[in-house]
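A.B. asks: The residues making up each chain are set out below.
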Amino acid sequence: MYEVNKTEPFWWGLFSLGGVVAALFVPIHIIMVGFLSAEAVGYHQMVALVGNPLIKLYLFTLVSLPLFHAAHRLRFALKDLGLKVAGGLLGVFLYGGAVFGTMVAAYIVATLP
Amino acid sequence: MKQPEPEYTYPTYHRPIPATWWLRDRKYFLFMMRELSSFFIAVFLLIYLYGLSLLSKGQAAYGQFQETLRSGGFTLFFVVAFIFAVYHSWTWWSIMGKVQVVRLGDHKVPERVITAVALAGWVVASAVVLFVFTR
Chain A
1 MYEVNKTEPF
11 WWGLFSLGGV
21 VAALFVPIHI
31 IMVGFLSAEA
41 VGYHQMVALV
51 GNPLIKLYLF
61 TLVSLPLFHA
71 AHRLRFALKD
81 LGLKVAGGLL
91 GVFLYGGAVF
101 GTMVAAYIVA
111 TLP
Chain B
1 MKQPEPEYTY
11 PTYHRPIPAT
21 WWLRDRKYFL
31 FMMRELSSFF
41 IAVFLLIYLY
51 GLSLLSKGQA
61 AYGQFQETLR
71 SGGFTLFFVV
81 AFIFAVYHSW
91 TWWSIMGKVQ
101 VVRLGDHKVP
111 ERVITAVALA
121 GWVVASAVVL
131 FVFTR
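Chains as they are written, first to last, in the working numbering: chain A, 1 to 113; chain B, 1 to 135.
Hints may be right or wrong, so weigh each one.
To be verified - Computed list of lysine-lysine pairs in DSSO-like fashion (alpha-carbon distance at most 27 Å, straight line): (1) B:K57 to B:K108; (2) A:K84 to A:K6; (3) B:K27 to A:K84; (4) A:K6 to A:K79; (5) A:K79 to B:K27; (6) A:K6 to B:K98; (7) B:K108 to B:K98; (8) A:K79 to B:K98; (9) A:K56 to B:K27.
Since the hints were derived computationally from the structure, they do not count as laboratory data.
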């Protein structure tokens, strides 16, 4: 008997969106956080920015969607590496982690000053 | 999350595949690096999210965090994460022409053109983010 997982297109859709967001925006954010001077992306600059609801939405999207992208990729990579986890536990753990990360991101971004 | 695999009622032979199969061939290796890039991107974003949460704790806490990120260990992480992130972007835009077929009337836009437009979009997006977020 074949058992087809009907939620697969949903997770794939999030994977795909996350891939686009990561490809477009993550490298420049790594440069800003990791290599630019602290003053260039300083406290007052950031607080002024996050006062804008559009920036809040952007930051939430920037963090959330690539988490689903990573969950999807790691799920299949670990399977390809021979990791055998009973039933759908690996998927539950990874996608669940992305959902949890999304909720934390929503809370943090929503409560920014 | 069960994959569609036939279940046999009798013993079947499975060729053993070592966990190091991806080290045997350059293409397999690059495939695994592409998959691994998502892990470094996710870790970076969690660090970034933590930094955002510190904005609520005031200037001192955020400044302290920024200083911590300038340590050798974090700098090494950012270098590695940046290489992986750029590799993800490069592979993502490279397959764009195959994933997203664009037709203008009867004419099919060549894959290379789609990839070139995507790469240009990436540069523009990066410039806009840099402009908005820095002073």
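A.B. asks: With reference to the structure, classify each hint as holding or not holding.
C.D. replies: So, going through the hints one by one against the coordinates:
no.	hint	verdict
1	B:K57 to B:K108	violated (53 Å)
2	A:K84 to A:K6	holds (21 Å)
3	B:K27 to A:K84	holds (24 Å)
4	A:K6 to A:K79	holds (19 Å)
5	A:K79 to B:K27	holds (18 Å)
6	A:K6 to B:K98	holds (25 Å)
7	B:K108 to B:K98	holds (11 Å)
8	A:K79 to B:K98	holds (26 Å)
9	A:K56 to B:K27	violated (39 Å)
In this structure, the hints that do not hold are numbers 1, 9, in rising order.
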